[in-house]
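For the record, in the sequence shown the residue sitting at position 250 is 255 according to our numbering, with numbers rising by one throughout.
Since the hints were derived computationally from the structure, they do not count as laboratory data. Hints are supplied without guarantee of correctness; some may be wrong.
Within a straight-line C-alpha distance of at most 27 Å, the following computed DSS-like cross-link-like pairs (lysine-lysine) qualify [what the hints assert, rightly or not]:
#1 246 to 264
#2 264 to 312
#3 246 to 335
#4 264 to 306
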Amino acid sequence: MEQENSIALLPPPETAADMETEQKKEPLPEESPPSENLSAEAADEIKPEAVCEQDADSPSPETAAEEKTNGNVLRYITQAVFFALGAFAVLIIAVTVINGIAHLTEEGIGAIVLGELFGGRENISIVSPAEETETTAAEETADLTSLPANEHESAAEETVHQPQSSEPDDGNGGDVGILSADISADGAYGLSLINETPYEVSLSPHSDRAIPPLSELYAEFGEDAPVVLILHTHGTESYAKNGASHTSESEYRSLNSEKNILAVGEALAETLRGMGINVLFCEEMFDAEDFTLAYYNASLKIREYLKEYPSISYIFDLHRDSIPYADGGKTIRPVTEIDGEACAQVMFVVGTDHGGSGHTGWGDNFNLACRVQGRLHSEHQNLMRPINLRSASFNQQYTKGSLLLEMGAVGSSVEEACAAARIIGQAIGEEIIGE
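I would like the entire structure built from these sequences, with the hints used as guidance.
Below, the structure written as structure tokens:
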């Protein structure tokens with residue numbers, strides 16, 4: 006359409022006949038009579054010169070018409086060239102956009118979009134909550150129609166290693182010394198707090214209950230409805246050999262579900278099921294293929310479960326902590342003894358909306374942590390570490406009963422972590438039942 010408009014504005018080319026008519030209208034210059042003082046021969050010489058000078062300066066009608074036609078053709082060619090260049094530029098842009106879409110598809114459109122919305126791909130979590138820095142990224146609301154969670158976590162304490170598929174060595178040949186320590190909470194009712202937010206909270210084992218007792222949940226959803234979901238965002242997190250004095254960074258992660266955090270989740274699930282509580286146990290290792298997208302992928306799975314099972318009221322995400330000693334050459338083994346058995350100490354991590362999320366209901370999760378920890382303290386005073394209140398939400402915005410549990414640390418053994426899971430599972434089960 007643009008080409009047609011530009012052509013219409015050009016004046017119509019003049020014909021040769023028109024040119025001749027115009028030229029005939031112009032009077033020819035008068036010939037001055039030769040001076041009387043000049044001879045006839047001199048006068049004859051002057052007249053041909055005047056005629057030749059006029060012929061040189063005034064093109065013939067045919068030549069003028071041809072020049073105008075050539076000018077129009079050149080103008081049309083120039084416009085066509087510019088049009089072709091514009092079309093080529095549009096084609097290049099289209100190819101670039103298509104390649105970009107292909108790249109987004111390969112990388113995961115949802116993850117890239119989240120990264121752009123919340124400050125870049127680096128804002129997607131990459132390590133355990135215990136290794137998070139104070140900087141956190143925006144979170145989503147609890148609305149299941151919103152985008153999945155996007156945590157910002159940086160490798161502050163533990164380097165991410167490729168999970169081991171084979172059985173590790175006995176650990177005593179490692180270069181990281183294991184230092185056993187009691188780092189349990191020492192406040193009233195066994196409640197103390199590591200607060201990494203500006204929020205002021207009250208620690209009470211008698212906090213308000215946000216979720217109905219188990220009997221009411223079964224009455225609403227049915228006796229077979231799952232109430233608890235157990236999963237592991239960092240499923241490859243593993244432990245040291247039982248009784249080892251040293252470990253190595255190569256043992257921090259494993260694909261062996263009998264040696265990593267999945268074994269601990271299974272122990273917790275069995276304990277709750279033994280109390281008549283229906284449990285969904287997700288055995289997917291969300292960090293096995295892409296550690297940087299572990300929280301994002303876990304959030305997708307959580308949403309999938311909640312859509313299929315709206316009866317889920319509690320979500321427990323079990324991790325293995327990493328606690329380096331101050332001298333840098335050792336790692337802490339948080340441990341206590343219960344009934345003659347070594348048990349790994351446990352820490353509740355409670356997320357908030359301080360990092361910018363819409364997780365405004367974090368107080369319900371915090372109250373649950375206080376209630377369970379206060380219940381445990383009455384019988385096992387040294388099992389629980391201080392509650393850790395954090396800025397990020399850690400996918401806890403989906404239910405009023407979501408908690409992250411740090412089960413021991415890299416210096417602990419899987420046996421110690423499983424022992425702790427069975428004990429804490431008893432207290433969690435009592436809370437769910439409403440006893």
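To test your reading of the hints: which numbers does this structure violate? Failing hint: just 2.
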